[in-house]
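A.B. asks: Chain by chain, the residues run as shown.
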Amino acid sequence: MPEKPGAWLMGTAKHRAIDLIRRRQTLERKHEEIGRDIERAQESTDPDAAIDEHIGDDLLGLIFMACHPVLSKDARVALTLRVLGGLTTEEIARGFLVPVATIAQRIVRAKRTLTEAHIRFEVPRGAEREARLASVLEVIYLIFNEGYSATAGEDWVRPALCEDALRLGRILAELAPTEPEVHGLVALMEIQASRLRARLGPSGEPVLLLDQDRSRWDRLLIRRGLGALDRAERLAKAMGPYALQAAIAACHARSATAAETDWPRIVALYDAVAELAPSPVIELNRAVAVGMAFGPAAGLDLVDALVSAPSLKAYHLLPAVRGDLLRKLGRSAEARAEFERAASLTENVVERKLLQRRAAECGAEEMAG
Amino acid sequence: MRVLVLAKEDHQSEAAKPPTPETMAEFQKFNEELVKAGVVLGDGRLYPSSQAKRLRFDGKKRTVIDGPFAETKELVAGYWLWQVRSIDEALEWLKRAPFNAGTYEIRQIFEFEGM
Chain A
1 MPEKPGAWLM GTAKHRAIDL IRRRQTLERK HEEIGRDIER AQESTDPDAA
51 IDEHIGDDLL GLIFMACHPV LSKDARVALT LRVLGGLTTE EIARGFLVPV
101 ATIAQRIVRA KRTLTEAHIR FEVPRGAERE ARLASVLEVI YLIFNEGYSA
151 TAGEDWVRPA LCEDALRLGR ILAELAPTEP EVHGLVALME IQASRLRARL
201 GPSGEPVLLL DQDRSRWDRL LIRRGLGALD RAERLAKAMG PYALQAAIAA
251 CHARSATAAE TDWPRIVALY DAVAELAPSP VIELNRAVAV GMAFGPAAGL
301 DLVDALVSAP SLKAYHLLPA VRGDLLRKLG RSAEARAEFE RAASLTENVV
351 ERKLLQRRAA ECGAEEMAG
Chain B
1 MRVLVLAKED HQSEAAKPPT PETMAEFQKF NEELVKAGVV LGDGRLYPSS
51 QAKRLRFDGK KRTVIDGPFA ETKELVAGYW LWQVRSIDEA LEWLKRAPFN
101 AGTYEIRQIF EFEGM
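Protein chains in written order, with the numbering used here: chain A, 1 to 369; chain B, 1 to 115.
Next comes chain A alone, as it looks inside the complex (with noise of 0.2 angstroms):
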């Protein structure tokens, strides 16, 4: 036995968990800077048998922690992919487009108030996990969303954070495999990251879902995207919010050409979320399965519900989806006032330049009808 266990345990874990997130620097540190906590909690372990056990557990408790809900959104992401991701400042202000300055003060403001906070690194049980666990899969998916449909700049996907958000789920399923949702997270990113070689065209324009060479899709991630949902629909007793996205997403996998797409499940599926996790957008993406399920007008009722919701104000989705819905009942003159409005909202300069272009051919068609 070494003279001092409690040390040696921490020395031992740290390298286990080195090997488990790969970057020597990172846990040291966060074991350092976040983690004093545990090295008292563990002074008093049986080292033997404690290490494995507390490995996970240790993993588990940083994501915990790093995506505590007393934290901002902005601070849990960039926490979550300084500490767990083994991102540098600045990769992670190069993800997100804002100076290194923010991220690092992100950072160190939000280690001030997990201390000031006295956050225990633990492992929440209980009903708090489940509140906990909401926290960190909606940190991770939003940094997934952010590398698939950047919300700024001049790339339309940022692969790399797919890939960090992705690892991170994978990590998280293998260390809460019984969690349900977890899987279902997973699934809902591996299946929609299958379709990132296909997002892009030859001069890397945006090719939306429908029009997308489905042959491009990446199989391999569909298939890990389905084993994926597969857990998380036997291990549910009713699927929760990701779970069911991902069912979603799993309708389009399945269909070997955009014609072939089951709407009326996809429907169904969307009626099940808007139950679960109601949100504007949410009933926004329903209006656009219940159009191709039950033609333009059932989906431009929804829409038009829509446009007074105040959080889609500003939301360049919306005039998108309504411009489509129009432009398919042949109002091309309202249509294209909706693509120049979508185009004049988005921040991201492909995307405008794709909105920019549908307003175009709506104009065209406006003078040829």
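Warning: the hint list may mix true and false statements.
Stated by the list, open to error - Subject to a maximum C-alpha distance of 35 angstroms in a straight line, what follows is the list of computed DSBU-like cross-link-like pairs (lysine-lysine): (1) A:LYS73 to A:LYS313; (2) A:LYS237 to B:LYS8; (3) A:LYS111 to B:LYS61; (4) B:LYS8 to B:LYS29; (5) A:LYS237 to B:LYS36; (6) B:LYS36 to B:LYS60; (7) B:LYS36 to A:LYS73; (8) A:LYS237 to A:LYS73; (9) B:LYS53 to B:LYS8.
In short, the hints are calculated from the structure, not lab data.
Chain A is fixed; fit chain B onto it per the hints.
C.D. replies: This is chain B only, laid out in the frame that chain A set:
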């Protein structure tokens, strides 16, 4: 990025001798660590080249060559598909593998820019 790790095991795999339980257990432990770190996307072990076929293209001509193949040192006996942040990370992982013979090759898979 994704890398393909190609296992070139010299004569061992060609002899089609199953590994000892100890070797298997060690390997599985290592593989499990990789899975837990979110590294492994897929893997597979290949049958000996005595069961393999080669097809050579020469203009319109196709020539079938039956295994076994002679260049045992270069024959792929198995593969891993890994998700890593860099070749260096892959190398770090691979160095820790419990192998005591053979050559393992790390090749980055071509993906679209930034991937």
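A.B. asks: Next step is simple, just say for each hint if it's right about the structure.
C.D. replies: Structure-based check of each hint:
no., hint, in the structure
1, A:LYS73 to A:LYS313, "holds (21 angstroms)"
2, A:LYS237 to B:LYS8, "violated (46 angstroms)"
3, A:LYS111 to B:LYS61, "violated (67 angstroms)"
4, B:LYS8 to B:LYS29, "holds (20 angstroms)"
5, A:LYS237 to B:LYS36, "holds (26 angstroms)"
6, B:LYS36 to B:LYS60, "violated (48 angstroms)"
7, B:LYS36 to A:LYS73, "holds (26 angstroms)"
8, A:LYS237 to A:LYS73, "holds (29 angstroms)"
9, B:LYS53 to B:LYS8, "holds (18 angstroms)"
In this structure, the earlier hints numbered 2, 3, 6 are contradicted, and the remaining ones agree with it.
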